[in-house]
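**Q** Each chain, letter by letter, is given below.
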Amino acid sequence: MTRARWKFLILGLLVVGVVWIGVNRVPGGGGEAANALPPAPAVGHPAPDFTVTTLAGEPFTLSELRGKPVVLNFWATWCPPCRAELPELQAAAQRYDGEIVIAGVNQAEAAGQVREFADAMGLGFVIPLDADAQVSRKYGARSLPTTFFIDREGVIRQIQIGPVTEATLAQLLRTIYP
Amino acid sequence: MPVIQIGPLALPVYPLALILGGWLGLEVSARAARRLGLDGDHIYNAAFAALIAGVVVGRLTHVIVYWSAYRSQPLEIIGLNTRAFLPVPALIAAIAAWCWYVYRHKLPWLIMLDALAPGLLVAVGIIDVGAFVAGRNLGAPSDLPWAVMQFEVSRHPAQLYEAAAAFGGAAFVWWIIAQARPSGVAALVALAWYGLSRWLLEPFHADSLTMLGGLRTAQVVGFVVALVALWLLARRARTSDAPGIEASAGEVHDT
Numbered sequence: 023m024t025r026a027r028w029k030f031l032i033l034g035l036l037v038v039g040v041v042w043i044g045v046n047r048v049p050g051g052g053g054e055a056a057n058a059l060p061p062a063p064a065v066g067h068p069a070p071d072f073t074v075t076t077l078a079g080e081p082f083t084l085s086e087l088r089g090k091p092v093v094l095n096f097w098a099t100w101c102p103p104c105r106a107e108l109p110e111l112q113a114a115a116q117r118y119d120g121e122i123v124i125a126g127v128n129q130a131e132a133a134g135q136v137r138e139f140a141d142a143m144g145l146g147f148v149i150p151l152d153a154d155a156q157v158s159r160k161y162g163a164r165s166l167p168t169t170f171f172i173d174r175e176g177v178i179r180q181i182q183i184g185p186v187t188e189a190t191l192a193q194l195l196r197t198i199y200p
Numbered sequence: 002m003p004v005i006q007i008g009p010l011a012l013p014v015y016p017l018a019l020i021l022g023g024w025l026g027l028e029v030s031a032r033a034a035r036r037l038g039l040d041g042d043h044i045y046n047a048a049f050a051a052l053i054a055g056v057v058v059g060r061l062t063h064v065i066v067y068w069s070a071y072r073s074q075p076l077e078i079i080g081l082n083t084r085a086f087l088p089v090p091a092l093i094a095a096i097a098a099w100c101w102y103v104y105r106h107k108l109p110w111l112i113m114l115d116a117l118a119p120g121l122l123v124a125v126g127i128i129d130v131g132a133f134v135a136g137r138n139l140g141a142p143s144d145l146p147w148a149v150m151q152f153e154v155s156r157h158p159a160q161l162y163e164a165a166a167a168f169g170g171a172a173f174v175w176w177i178i179a180q181a182r183p184s185g186v187a188a189l190v191a192l193a194w195y196g197l198s199r200w201l202l203e204p205f206h207a208d209s210l211t212m213l214g215g216l217r218t219a220q221v222v223g224f225v226v227a228l229v230a231l232w233l234l235a236r237r238a239r240t241s242d243a244p245g246i247e248a249s250a251g252e253v254h255d256t
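In order, the protein sequence lines correspond to chains A and B.
Count along the first sequence from 1, add 22, and you get the number used in the working numbering.
Count along the second sequence from 1, add 1, and you get the number used in the working numbering.
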């Protein structure tokens, strides 16, 4: 290709490129735009809302926690990696009491069994009971544990499949707090 | 998150796609290297050096940054948690190790980059397919006939658009390599192709990172990278046209 053709190609592309970038700007500047997306269990999307009953017998609605960062952990008593990470979540719940909501959604187990386990482990954070696994299906949480890190605006910022350690939990919390 | 269930073992799809993409990408690059007159083992060895350096530096920097957490659990320093890495230092260390390997074995830089080019595009394509199956990097809502339902919303299969672009790019770059062009051309074409594909296709994503009041970061960066690559290609074409340059490129191909 001649020098003139290269120049024409690059300049032409420059013009078309700037127009295409401008036309496809995200309205609202980006950050706020995440809330305009349909809810989905994916990073950058609003967390799907749900209402279930907690182990304490109270209603738990995710959207009512708007304004606070939320760690939404899916677990079960039969799952060894879940058992390994629950003490880390409990420690974080104590450390960030009132600032971050740690919610351990139990997947399809009887309330009595979960209560016995939670008492033995000394779990003090809220435990919503996903009795019919509807919430797990909504969040695509097929392998346990799976943890969603949701910011103050209700947008998912990180998803962790597999257990967290103290160090990785500290790293992941940075995406939603402070 | 989609998983492949083998008995009690649930293997998440996306990490599997990363591994498969890396492995097939290396194999394609090794074949390209042989085609360019290099020993394909150098591709694997350089990648192995990069992997080790990336893993070690990524974990060490994670330990330094989160030392307060590791102090009470020192065994976690050598733990198998795949999240416990800092990606940017890991990437820098991996690139440095790759460069060190090429320098130490006195390998031709541009030909090594040419050999890497089609393999990287194949890896990107496979990872994009994995992202589609795993429901990552979702497409924007769409009612086009080929839109797909993901998380109860009809969307552009944006990950598959990018996979198709990457595989098409790999085939084109392979063809360039087969044409025995001057060294460095295949790598620059791959860079321009990938940059242009991000510029063209990023708007079909639902959740782009943004900058400067809503500009899509990947689109802007891809466009700048493509322009720089094209400018370098233009310069390379001019120098290749100069007497004597073509011959030296041919000699390099024979090494």
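Think of the hints as simulated: they come from the structure by calculation, not from any bench.
Please read all numbers here as calculations on a predicted model, not as lab measurements.
Among the hints, erroneous ones may be present.
Chain A is faced by these chain B residues, among others (derived, beta-carbon under 7 Å) [said to hold, decoys possible]:
(1) P13
(2) E28
(3) T218
(4) A219
(5) Q220
(6) A235
Beta carbons: idealized from backbone N, C-alpha and C, even for Gly.
**Q** All hints, please: hold or fail.
**A** Tested hints:
Because the closest C-beta pair between P13(B) and chain A is about 5 Å apart, less than 7 Å, the hint holds. A least Cβ separation of about 27 Å between E28(B) and chain A goes past the 7 Å threshold, and the interface hint is therefore violated. Look at T218(B): its Cβ only gets to about 9 Å from chain A, farther than 7 Å, so that hint breaks. Taking 7 Å as the C-beta contact cut-off toward chain A, the hint placing A219(B) at the interface is violated, the least distance being around 11 Å.
Because the smallest distance between the Cβ of Q220(B) and any Cβ of chain A comes to about 6 Å, under 7 Å, the interface hint for this residue holds. The interface hint given for A235(B) holds, since its Cβ lies 4 Å from the closest Cβ of chain A, which is under the 7 Å cut-off.
Violation of the numbered hints given earlier is confined to hints 2, 3, 4; the remaining hints are satisfied by the structure.
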